[in-house]
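Protein chains: 2
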Amino acid sequence: MMRVYVEDLSRHVGEDVEIAGWLYIQRGNNKLRFLQVRDGSGIVQCIVAKNDLGEEVFELAKAMTQECSLKVRGTVNADERAPGGHEIVAKEVELVGESNDYPISPKEHGDAFLLDNRHLWLRSKKQHAVLRVRHEIIWAIRDFFNNRGFLLFDTPMFTPNAVEGTTDLFEVSYFDTSAFLSQSGQLYGEAGAMAHGRIYTFGPTFRAEKSKTRRHLTEFWMMEPEVAYLDLDGDMQLAEDMTMYILERVLEKRRPELEALERDISKLEAVKRPFPRIHYDKAAETLIKYASEHPDEEGAPFTHGEDFGARHESILTENSDSPIMVTHFPAEFKAFYMKRDENQPDRVLGFDMIGPEDAGELIGGSVREDDYDKLVSRIKEHDLPMEPFEWYLDLRRYGSVPHAGFGLGLERTVKWIAGRDHLRECIPFPRMMYRMKP
Amino acid sequence: MMRVYVEDLSRHVGEDVEIAGWLYIQRGNNKLRFLQVRDGSGIVQCIVAKNDLGEEVFELAKAMTQECSLKVRGTVNADERAPGGHEIVAKEVELVGESNDYPISPKEHGDAFLLDNRHLWLRSKKQHAVLRVRHEIIWAIRDFFNNRGFLLFDTPMFTPNAVEGTTDLFEVSYFDTSAFLSQSGQLYGEAGAMAHGRIYTFGPTFRAEKSKTRRHLTEFWMMEPEVAYLDLDGDMQLAEDMTMYILERVLEKRRPELEALERDISKLEAVKRPFPRIHYDKAAETLIKYASEHPDEEGAPFTHGEDFGARHESILTENSDSPIMVTHFPAEFKAFYMKRDENQPDRVLGFDMIGPEDAGELIGGSVREDDYDKLVSRIKEHDLPMEPFEWYLDLRRYGSVPHAGFGLGLERTVKWIAGRDHLRECIPFPRMMYRMKP
Chain Z
233 MMRVYVEDLS
243 RHVGEDVEIA
253 GWLYIQRGNN
263 KLRFLQVRDG
273 SGIVQCIVAK
283 NDLGEEVFEL
293 AKAMTQECSL
303 KVRGTVNADE
313 RAPGGHEIVA
323 KEVELVGESN
333 DYPISPKEHG
343 DAFLLDNRHL
353 WLRSKKQHAV
363 LRVRHEIIWA
373 IRDFFNNRGF
383 LLFDTPMFTP
393 NAVEGTTDLF
403 EVSYFDTSAF
413 LSQSGQLYGE
423 AGAMAHGRIY
433 TFGPTFRAEK
443 SKTRRHLTEF
453 WMMEPEVAYL
463 DLDGDMQLAE
473 DMTMYILERV
483 LEKRRPELEA
493 LERDISKLEA
503 VKRPFPRIHY
513 DKAAETLIKY
523 ASEHPDEEGA
533 PFTHGEDFGA
543 RHESILTENS
553 DSPIMVTHFP
563 AEFKAFYMKR
573 DENQPDRVLG
583 FDMIGPEDAG
593 ELIGGSVRED
603 DYDKLVSRIK
613 EHDLPMEPFE
623 WYLDLRRYGS
633 VPHAGFGLGL
643 ERTVKWIAGR
653 DHLRECIPFP
663 RMMYRMKP
Chain C
233 MMRVYVEDLS
243 RHVGEDVEIA
253 GWLYIQRGNN
263 KLRFLQVRDG
273 SGIVQCIVAK
283 NDLGEEVFEL
293 AKAMTQECSL
303 KVRGTVNADE
313 RAPGGHEIVA
323 KEVELVGESN
333 DYPISPKEHG
343 DAFLLDNRHL
353 WLRSKKQHAV
363 LRVRHEIIWA
373 IRDFFNNRGF
383 LLFDTPMFTP
393 NAVEGTTDLF
403 EVSYFDTSAF
413 LSQSGQLYGE
423 AGAMAHGRIY
433 TFGPTFRAEK
443 SKTRRHLTEF
453 WMMEPEVAYL
463 DLDGDMQLAE
473 DMTMYILERV
483 LEKRRPELEA
493 LERDISKLEA
503 VKRPFPRIHY
513 DKAAETLIKY
523 ASEHPDEEGA
533 PFTHGEDFGA
543 RHESILTENS
553 DSPIMVTHFP
563 AEFKAFYMKR
573 DENQPDRVLG
583 FDMIGPEDAG
593 ELIGGSVRED
603 DYDKLVSRIK
613 EHDLPMEPFE
623 WYLDLRRYGS
633 VPHAGFGLGL
643 ERTVKWIAGR
653 DHLRECIPFP
663 RMMYRMKP
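Sequence lines, in order, name chains Z and C.
Throughout, my numbering is defined as the position within the first sequence, counted from one, plus 232.
Throughout, my numbering is defined as the position within the second sequence, counted from one, plus 232.
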């Protein structure tokens, strides 16, 4: 009898097949049982009748508990009322592995308990759906860049020096010396762009932030394209094109998962290009006006020249269905490598893409300073040591070109699209300040 | 004028276009110059005639040095003799960024010098080709698994405990405690397989091996599929299918790169399925016979029960065009989680896939012990602490199923297919015991 996956059942209607999986839940009476069997690809209802299988097998099936593993052999029926559109009329049922006192029941559990049992929690319907949305987002991102001729350029995790101060860096004993874990592949990605024209990095990055908020993981995945001969408008266009591509792909391929997550899909469908481009000065004006109208609101006060807090990002996006792109931030609180605007030299040619529905900053991008002398000045102004940047300065010594790129935080994007409250559900095994297990 | 990439020139024959890139090399005389311009996607010859452009621009072009950045505007001609099949008859040439005394010249350089200048060495023709082969291999692997319904399951880099002893692990200061960097995502991947049926991990892994050989990087990428309800034969079939898929894809899409690398393509075309499956006992017999016939050969002596050395792998594959799969290794030197063969209890249900042409071990795989009691015994036998494995044991407490998987070393695969001598050319910025820069 042919072993098939639940997701392929539509190709086997009327045939006898074998499903191998785990018992999600069962209900029924003393003559008829309905076993919901999950095999990772989906859930199918298996109908187990005492009359068909005999007393012994029926009682075995009836005694099966949540998350025991089992095989069911039977006939595939198309049934529109069944979840997934198919059901299996069982001819044989076989217990593979027991499951006594499975710790996660349909009742509500606390966060700490679920995280302690992350290796099992992953099997739950919503967690299953989140990771399938994550998978689709990653796949879409890679397809988007691969199909546009970008080269995947895996940048190193071990870096010899702290690019922007050591506060948030993890230090590793590296034989007789120390290494730091990468916070961004960008500088290396720039070397890649000079060799390959268009590259993207996609890998884990690390931040030793002493924060317990929902927004921070110590280990998260980041995707960073870098393109030679690209300007700010082109960079924003790339970010917008990519975001729309991801959204359309998830809406096309993962609607059942979004429904399982009870995501308000209309909000995702409302996202339209072009995403509003807003100059920092204009955004600041909006925020100052808002604060004056809401004098007692926490987090709302704002002074021109500041960076945005979480509340400010919410205020700026609250009337937008789509992400917004804020440009021309003050150089003061931005990274040394960002190119300044000639017409407004205290501003950088960069943008933050802030998602709707309180998604926060999803993307940060900029044009990079491509002038050797200016870059040396910036390194000095930021009190950074020159020696570790000599190789980076070489990119301006030998055939420097205008170039730009951005960084996308993967888990934040998953959180937004899947509509989750917590970043920690958006990666298989989240790592936080107080959480390294399992 | 439309900006185009070199790889797209075939769509613009007869049109006027702009190319933006870097000067690879130029030759010519006082009236006519041939500029080889690379833009990352390819190299195109641009013909610069004094009569067409005038003295000033011609002299500017003639003075251009290796790796300066430039734009060329002109007409695309199809020319079969030209590298890539096209050339551009220049109408305008513009210098973007200078390049004085570019350190890497066509002459031979020492290894250390090239690695010190890795950020520039990446621009060289062969290095460019290696990374494009790498890109294609990764893309092929992901397509292979994605199209078969596998879920990408990113496992954590930070792990709380040393799975197989701490000797080769990198230790990280993790706030008030320590973490270790992952050597494998497998154990976490098993939890993923119980939730999603079929998963694969693909990310960096770390090994603090005190080795200066060509075979070891401290940071390398590993891809590890894990499948519920899979046996050893199915596992080997999966590895073989995947390897053939990768090879066919690189041969289809990256022939120019393989040619640039002077790879003997016929060796890759000679790889055929099925890959020979060889029982360890049979392999040992071959090695013992070989050693007796070559009594003075270094590395050749072999005793039944030992693991293979590099020389042994070469001997075993020297008459095979295809990778070979050696099965049933002695359990003694294999990992605790490998399932034993019922018929030969001192052997594991595992395999190593050893590549031809001295490629070494490319893949190691096994069926995992799925019996709770046996797994507990193995953990004790290996003198491992029980507590850190409690979550892993849960996978055997709650609906345990037979399952199997393997691990593929990405850089070793790139080294084999691209035909390189050194692993360090197979990743953008290699990290080794004495090498963390740039």
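Don't read these hints as lab results, they were simulated from the structure.
Take the hints with a grain of salt, since some may be wrong.
If chains are identical, the list can't say which one is meant, so a pair holds when it fits in one copy or spans any two.
Claimed, not checked - Each computed SDA-like pair below joins lysine to any residue, with the alpha-carbon atoms no more than 25 Å apart:
| id | residue 1 | residue 2 |
| --- | --- | --- |
| 1 | Lys-612 | Trp-353 |
| 2 | Lys-485 | Arg-629 |
| 3 | Lys-442 | Tyr-406 |
| 4 | Lys-294 | Gln-469 |
| 5 | Lys-303 | Gly-466 |
| 6 | Lys-339 | Phe-452 |
- Query: What are the numbers of the hints the structure violates, in ascending order?
  - Reply: 1, 2, 4, 6
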